[in-house]
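Q: Let chain S serve as the given structure and place chain D on it in line with the hints.
The chain contents come next:
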Amino acid sequence: AQSVAQPEDQVNVAEGNPLTVKCTYSVSGNPYLFWYVQYPNRGLQFLLKYITGDNLVKGSYGFEAEFNKSQTSFHLKKPSALVSDSALYFCAVRSGYSSASKIIFGSGTRLSIRP
Amino acid sequence: DAGVTQSPTHLIKTRGQQVTLRCSPKSGHDTVSWYQQALGQGPQFIFQYYEEEERQRGNFPDRFSGHQFPNYSSELNVNALLLGDSALYLCASSLGDRGYTFGSGTRLTVV
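So the protein sequences, as listed, match chains S and D.
At position 90 of the first sequence (counting the first as 1) the number is 1295 in this note's numbering, and the numbers step up by one without a gap.
At position 54 of the second sequence (counting the first as 1) the number is 126 in this note's numbering, and the numbers step up by one without a gap.
Just chain S, same shape as in the assembly:
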């Protein structure tokens, strides 16, 4: 069975500082990893994904994520946080590349950027 863990319910960062939102996963087979962001009363917006290749993946709004196979982690990062980055962030995993595999989400991490 596949699963995703986001160990931090909330992350607080000052504007301009780097941010990291942690994610670890468990799947059988090759992982297909995602980060999504959710603003209040809205659906999920895609940020980035890892399929294969370079372990550092760049996505929307200046976010990037680092895939670490040995630690089964896929942490989301940004070099300089903006107040507008404040939102709920979800890590997700799919076992394998087949569209028949469902995507499983973590419990989410609330990112709060203070001015």
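If you are wondering where the hints come from, they were derived from the structure by calculation, not from laboratory data.
Here the structure is a predicted model, which means the values were calculated and not measured.
You may find that some hints are simply not true.
[To be verified] Computed footprint of chain D on chain S; a stretch qualifies when at least three of its residues, placed anywhere within it, have a C-beta under 8 Å from a C-beta of chain D:
(1) 1250–1264
(2) 1306–1318
[Stated by the list, open to error] Some chain S residues close to chain D (C-beta under 7 Å, calculated; not the full set):
(3) Phe-1239
(4) Tyr-1244
(5) Arg-1247
All C-beta atoms, glycine included, are put in the ideal place defined by N, C-alpha and C.
A: Then chain D, alone, in the frame of chain S:
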């Protein structure tokens, strides 16, 4: 190019009633997945439809059922509503091995 459209955006139902939620996928997408997101939690997978059939199902009771139409749109039906069914219901569409595009969701409140 329209994204994923869900209707209605909000609704209130009484315990024991039945509800139908609708989803129109993004143009060109052929697969629809439904998720339930309770307040303060991550989305939980309900089921996925492809070629008008349920292809995968999460850990939800039979009260939750669905349908996919030839134009790829989909419905989620919930019978005998419980207070615990109150949540944001998200529809996501996809094509092949690409990621999902989500709709804005339907907020269901059961009273």
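Q: Each of the hints needs a verdict: does it hold here or not?
A: Verification of the supplied hints:
1. 1250–1264: n = 3 at 8 Å, threshold three: holds.
2. 1306–1318: holds (count 8)
3. Phe-1239: holds, 6 Å
4. Tyr-1244: Violated, about 10 Å.
5. Arg-1247: Holds - the Cβ of Arg-1247 of chain S comes within 7 Å of chain D, reaching about 5 Å at its closest.
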